[in-house]
Amino acid sequence: MTTWIRRNLFRTWWDGVLTVVFGALSIWVLWSLVEFVLITGRWEIIEVNLKLLLVGRFPAEQLWLVNASVMAIAFWLTAALGGKQAPDAPVRSPLAKFGGFVQRFGLVIALGILLVVLAGTQSSLAVAGGVVAALLAGRGLNIARRRVKGLTRIPGVIWQILVLSPAVALIALTLMNADLELWGGFLINFYIAIISIVLCFPLGVLLALGRKSTLPIVRLISTTYIELIRGAPLFVLLLLSGVALEFFVPPDIAPGSVFRAVTVFTLFTAAYLAEIVRGGLQSIPKGQLEAGKAIGLSTWKITFLITLPQALRNVIPAQIGQFISLFKDTTLAGAALSIVEVLKVSEAITKQDDFLGKGYIYESLAFVSLLFWVGSYVMSRESQRLEKRLGVGQR
Amino acid sequence: MSEKVFTDATVMSGNRNDEDAIVTMQGVYKRFKDFEALKDINFRVGTQEVVVIIGPSGSGKSTLIRCINRLEEHDDGRIVVDGTELTMDIRNIQEIRKETGMVFQNFNLFPHLTVLTNVAMGPRQVRNMPKSEAEALAMEHLTRVKIPEQADKYPSQLSGGQQQRVAIARALAMKPKVMLFDEPTSALDPEMINEVLDAIKELAQEGMTMVVVTHEMGFAREVADRVVFMADGEIVEVGTPKELFDNPREERTKKFLSQIL
Numbered sequence: 001m002t003t004w005i006r007r008n009l010f011r012t013w014w015d016g017v018l019t020v021v022f023g024a025l026s027i028w029v030l031w032s033l034v035e036f037v038l039i040t041g042r043w044e045i046i047e048v049n050l051k052l053l054l055v056g057r058f059p060a061e062q063l064w065l066v067n068a069s070v071m072a073i074a075f076w077l078t079a080a081l082g083g084k085q086a087p088d089a090p091v092r093s094p095l096a097k098f099g100g101f102v103q104r105f106g107l108v109i110a111l112g113i114l115l116v117v118l119a120g121t122q123s124s125l126a127v128a129g130g131v132v133a134a135l136l137a138g139r140g141l142n143i144a145r146r147r148v149k150g151l152t153r154i155p156g157v158i159w160q161i162l163v164l165s166p167a168v169a170l171i172a173l174t175l176m177n178a179d180l181e182l183w184g185g186f187l188i189n190f191y192i193a194i195i196s197i198v199l200c201f202p203l204g205v206l207l208a209l210g211r212k213s214t215l216p217i218v219r220l221i222s223t224t225y226i227e228l229i230r231g232a233p234l235f236v237l238l239l240l241s242g243v244a245l246e247f248f249v250p251p252d253i254a255p256g257s258v259f260r261a262v263t264v265f266t267l268f269t270a271a272y273l274a275e276i277v278r279g280g281l282q283s284i285p286k287g288q289l290e291a292g293k294a295i296g297l298s299t300w301k302i303t304f305l306i307t308l309p310q311a312l313r314n315v316i317p318a319q320i321g322q323f324i325s326l327f328k329d330t331t332l333a334g335a336a337l338s339i340v341e342v343l344k345v346s347e348a349i350t351k352q353d354d355f356l357g358k359g360y361i362y363e364s365l366a367f368v369s370l371l372f373w374v375g376s377y378v379m380s381r382e383s384q385r386l387e388k389r390l391g392v393g394q395r
Numbered sequence: 001m002s003e004k005v006f007t008d009a010t011v012m013s014g015n016r017n018d019e020d021a022i023v024t025m026q027g028v029y030k031r032f033k034d035f036e037a038l039k040d041i042n043f044r045v046g047t048q049e050v051v052v053i054i055g056p057s058g059s060g061k062s063t064l065i066r067c068i069n070r071l072e073e074h075d076d077g078r079i080v081v082d083g084t085e086l087t088m089d090i091r092n093i094q095e096i097r098k099e100t101g102m103v104f105q106n107f108n109l110f111p112h113l114t115v116l117t118n119v120a121m122g123p124r125q126v127r128n129m130p131k132s133e134a135e136a137l138a139m140e141h142l143t144r145v146k147i148p149e150q151a152d153k154y155p156s157q158l159s160g161g162q163q164q165r166v167a168i169a170r171a172l173a174m175k176p177k178v179m180l181f182d183e184p185t186s187a188l189d190p191e192m193i194n195e196v197l198d199a200i201k202e203l204a205q206e207g208m209t210m211v212v213v214t215h216e217m218g219f220a221r222e223v224a225d226r227v228v229f230m231a232d233g234e235i236v237e238v239g240t241p242k243e244l245f246d247n248p249r250e251e252r253t254k255k256f257l258s259q260i261l
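These protein sequence lines are chains W and B, in that order.
Under our numbering, the letters of the first sequence match residues 1 to 395, in that order.
Under our numbering, the letters of the second sequence match residues 1 to 261, in that order.
Simulated from the structure, these hints should not be mistaken for laboratory data.
Any given hint could be a false lead.
Distance ranges between label pairs, derived from CB positions [stated by the list, open to error]:
no.: 1; chain 1: W; residue 1: Ile143; chain 2: B; residue 2: Thr87; range: 53 to 59 Å
no.: 2; chain 1: W; residue 1: Ile143; chain 2: B; residue 2: Ser159; range: 51 to 57 Å
no.: 3; chain 1: B; residue 1: Pro130; chain 2: W; residue 2: Thr299; range: 20 to 26 Å
no.: 4; chain 1: B; residue 1: Ser156; chain 2: W; residue 2: Ala232; range: 40 to 46 Å
no.: 5; chain 1: W; residue 1: Arg385; chain 2: B; residue 2: Glu73; range: 54 to 60 Å
no.: 6; chain 1: W; residue 1: Arg385; chain 2: B; residue 2: Thr87; range: 46 to 52 Å
no.: 7; chain 1: B; residue 1: Asp152; chain 2: W; residue 2: Leu182; range: 49 to 55 Å
no.: 8; chain 1: B; residue 1: Arg127; chain 2: W; residue 2: Ser325; range: 41 to 47 Å
no.: 9; chain 1: B; residue 1: Thr87; chain 2: W; residue 2: Pro255; range: 48 to 54 Å
no.: 10; chain 1: W; residue 1: Glu227; chain 2: B; residue 2: Glu206; range: 51 to 57 Å
no.: 11; chain 1: B; residue 1: Glu73; chain 2: W; residue 2: Thr224; range: 53 to 59 Å
Chain W stretches covered by chain B per the calculated footprint, using a threshold of three residues with CB under 8 Å from any CB of chain B [to be verified]:
no.: 12; stretch: 106-112
no.: 13; stretch: 223-234
Keeping only pairs whose Cα atoms sit at most 27 Å apart, straight-line, the calculated DSSO-like set for lysine-lysine is [unchecked claim]:
no.: 14; chain 1: B; residue 1: Lys131; chain 2: B; residue 2: Lys98
no.: 15; chain 1: B; residue 1: Lys153; chain 2: W; residue 2: Lys301
no.: 16; chain 1: B; residue 1: Lys33; chain 2: W; residue 2: Lys286
no.: 17; chain 1: W; residue 1: Lys293; chain 2: B; residue 2: Lys255
no.: 18; chain 1: W; residue 1: Lys301; chain 2: B; residue 2: Lys175
no.: 19; chain 1: B; residue 1: Lys254; chain 2: W; residue 2: Lys293
no.: 20; chain 1: W; residue 1: Lys301; chain 2: B; residue 2: Lys33
no.: 21; chain 1: B; residue 1: Lys153; chain 2: W; residue 2: Lys286
no.: 22; chain 1: W; residue 1: Lys293; chain 2: B; residue 2: Lys201
no.: 23; chain 1: B; residue 1: Lys153; chain 2: W; residue 2: Lys293
no.: 24; chain 1: B; residue 1: Lys39; chain 2: W; residue 2: Lys293
Remember, predicted model here, so these are calculated numbers, not experimental data.
All C-beta atoms in this analysis are idealised placements derived from N, C-alpha and C, irrespective of residue type, glycine included.
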């Protein structure tokens, strides 16, 4: 222990100085944080406005739709993505497994507990219980899939569609039934992000392929699109989508602001994604293309069976980075399009009579940051897992 | 005799009685910008014949066999493979690629797919075979190159020699009429060269038509029906291994052989 400290922290006098300075700095930051969270923070503003922050003025009698969607997504996570071990993965002790579990889910569980405590209602406890049940059900089904004979025969694609369908159905049902104008809070950030991610992915891939196409027209259109979109600030595009449409379409049939936001985020992220995917495609050695040609595969089959799967896998970190950035950028939609998303709500609640003029903005923003940080952290962690798993067989 | 072989290989006029030829090249030119990679190539491979191409690096050997399945586009002359002429028509190109198998210097296996899927890819996606049938066929060819036990591994988990044998199995699974080998052992560690050469020799004994670009002179001597010596984009000399190695007529051939032997 002492040798470790000597070697790693105080090897030279300069190392010693750095260790002391940064050690002190870390302790100070940590202490301030703890002090803020536990002592000086006035969290009643969050407690009182929790529903507003999370779902806005979403009608209470339809909240079950949102709750059920969250459960369906939880179910999908464990049913589709859970656990097949790499064939050469070392056997881990129960303690190590528990450690891995905490690393992977600890933060989300902590946030869940925090939300339930803040809400302090029985229904929130029921929702939390439902989410846990959904996670366990998904996990159980995932294990059964690999053990029970009838289930092992189901092809992977069909399995993925089956376990994803409840989530998709519930989200679609929510979108159709609820009045979009009443939506707000973190829910709307989440939905804008999810829908934009799902839509921008295929568009980005198509643009990347288009930019590498042998047809000059396709190449020209793709390149122009990508360079135009990448040359404009996202905020400006959001503002434009709010204003410019009024010139062409009468206001009563113009699409709502959430629809516009999704459109802008999709088109914007697709352009960046296209460049990421193009980079991935360029990283594939020419020999792969030639090997595909040599066995007689058509150009399309070479792309979709050989180069694209490898390219997408090579750029997982950059792709997820782009998605995380999209997720956080949804907060811009409040300022640009007057959507009542979580940042807007967090500002608005500090102007309530009880809280006005008392500097509650710190607590309010801290809570919003926590939501985004947990979301982004989970995405980044899961992407690393995905990368490792898909990395089987490639070094 | 030597005169006749020479004639067969290089001189070809019109559609002269040439029914058993699988590959014929007539007056083929290939240019990369200002550089002439192939100059007036006349070349013929008969059924069940094994032709080995040797020559210094940059002499156009690889370019020549890459023209046969259109990995390179020739600029002039005619190339006919199994009765189909290579033109801009993509259907002709696909047809020819179905009938030619190619093995590359760097294996070029698909790293994201298992060995079995690699080999089954052609039959399944090009010949539209059902999955089970394609995999059975793939297994058969993996057995043929003596690595059936590696079927479920990924290419990166195999040694270079094993990877190259998988590549051979992948090409064979398309049941090609002619196999093209582009320096199949050049990227291998010395101790793995023989396992690959043995697999190729076995194919030769089974009567597979082959064109092999290689630096393995011992192999050429043992397996080739004819050896082609190329230099500076031209075919300099053609003969049986005995003629070409023991009794080269051209100065350039003599010089090359003296440098490597």
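- Of the numbered hints stated previously, which ones are contradicted by the structure, given in increasing order? Violated hints: 2, 5, 11, 12, 13, 17, 19, 20; rest satisfied.
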